[in-house]
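**Student:** Let chain L serve as the given structure and place chain G on it in line with the hints.
Top to bottom, those sequences are chains L and G. According to the working numbering, the first sequence is numbered sequentially starting from 4. According to the working numbering, the second sequence is numbered sequentially starting from -15.
One or more hints might be untrue.
[To be verified] If you want the ones that stay clear, here's a sample from chain L, every Cβ over 10 Å from chain G, calculated:
id, residue
1, Ser10
2, Pro11
3, Glu14
4, Arg67
5, Pro73
6, Arg113
[As the list claims (entries may be wrong)] Stretch by stretch, here's where chain G covers chain L in the computed footprint (C-beta under 8 Å, at least three residues):
id, segment
7, 45 to 55
8, 102 to 111
[Said to hold, decoys possible] Calculated Cβ distances over 12 Å to all of chain L for the following chain G residues:
id, residue
9, Ser(-9)
10, Gly0
11, Ser4
12, Val28
13, Leu39
14, Gly43
15, Asp55
16, Ser63
17, Ile64
18, Asp67
19, Leu91
20, Lys92
Hints listed in this document are in silico derivations from the structure and should not be mistaken for laboratory results. The C-beta atom is built at its ideal place from N, Cα and C for all residues, glycine as well.
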Amino acid sequence: DAGVIQSPRHEVTEMGQEVTLRCKPISGHDYLFWYRQTMMRGLELLIYFNNNVPIDDSGMPEDRFSAKMPNASFSTLKIQPSEPRDSAVYFCASSQTPRSYEQYFGPGTRLTVT
Amino acid sequence: GQQLNQSPQSMFIQEGEDVSMNCTSSSIFNTWLWYKQDPGEGPVLLIALYKAGELTSNGRLTAQFGITRKDSFLNISASIPSDVGIYFCAGRPSGTYKYIFGTGTRLKVLA
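Isolated chain L (complex conformation):
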């Protein structure tokens, strides 16, 4: 079975540019999570969706970050405008009711903002 798919795997962009990260959850999973991983702060939850509806976005750092889930098989995390401090690895994870507490991670997108 295909796991969580993320694209691109690596992204290098200049400060001020818009960045869009993409995620395809595991088929049939009804929860989707976006995380950010840095050396200083570890893994942090940014936002999560249930049945395509955003449930908790309290981890989104600021208004420059936005996330959407237009359908059950696709989600995007957008940063506009990007800043060097946004450089990190961004992970998408998904889970499925009734074992919705078990989250399965994608391979991540390494973002570098210069």
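**Tutor:** Then chain G, alone, in the frame of chain L:
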């Protein structure tokens, strides 16, 4: 962000040895997860724990949900070179899907 205390931070062991690591918190959790992360990859779920005192195995890995609900333990028996990586614990408070992740234990196995 908040992170759980995980120890040891890193360890070198000989192939064939058993490994133990733990995660502690000042808060009570309802779920503990253990993950392994290889360089350049996402965390891979190893074991999920749901009840205080629960002991669960996955091959050579065994994890326990602490009785106080504030800690969890992971043991790896007869380590092999492919066990190299970073192991993370994650604790989930009641009523939320927001896990708090540990600081990680970096395991290095000497053949």
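**Student:** Decide, holds or violated, for the assertion that all CB atoms of chain L are farther than 12 Å from the CB of G:Gly0.
**Tutor:** About 30 Å separates G:Gly0 from the closest Cβ of chain L, which puts it past 12 Å; holds.
**Student:** Beyond 10 Å on every Cβ pair: is that true for L:Pro11 relative to chain G?
**Tutor:** 14 Å, holds
**Student:** Between the segment 45 to 55 of chain L and chain G, are there enough contacts, at least three residues with CB-CB distance under 8 Å, for the coverage claim to hold?
**Tutor:** holds (count 5)
**Student:** Regarding the assertion that G:Gly43 does not contact chain L, is the least Cβ-Cβ distance greater than 12 Å?
**Tutor:** Correct as stated: the minimum Cβ-Cβ distance to chain L is 17 Å, above 12 Å.
**Student:** The segment 102 to 111 of chain L covered by chain G? Criterion: 3 or more residues, Cβ-Cβ distance below 8 Å.
**Tutor:** holds (count 10)
**Student:** For G:Asp55, is the shortest beta carbon distance to chain L beyond 12 Å?
**Tutor:** Non-interface label stands for G:Asp55: nearest chain L Cβ at 18 Å, farther than 12 Å.
**Student:** Please confirm whether G:Asp67 is truly not at the interface, meaning its C-beta sits more than 12 Å away from all C-beta atoms of chain L.
**Tutor:** 19 Å, holds
**Student:** Check the non-interface label on G:Val28: least C-beta distance to chain L beyond 12 Å or not.
**Tutor:** 7 Å, violated
**Student:** A cut-off of 10 Å on Cβ-Cβ distance, and L:Arg67 was said to be off the interface with chain G. Does that hold?
**Tutor:** 18 Å, holds
**Student:** Checking the smallest CB distance to chain L, is G:Leu91 really beyond 12 Å?
**Tutor:** Fine: 17 Å to the nearest Cβ keeps G:Leu91 off the interface.
**Student:** Are all beta-carbon distances from L:Glu14 to chain G longer than 10 Å?
**Tutor:** Label holds. Min Cβ-Cβ 14 Å, cutoff 10 Å.
**Student:** Beyond 12 Å on every Cβ pair: is that true for G:Ser(-9) relative to chain L?
**Tutor:** The assertion about G:Ser(-9) holds, with a minimum of 15 Å to chain L.
Hint check: violations occur at hints 6 and 12; the rest are consistent with the structure.
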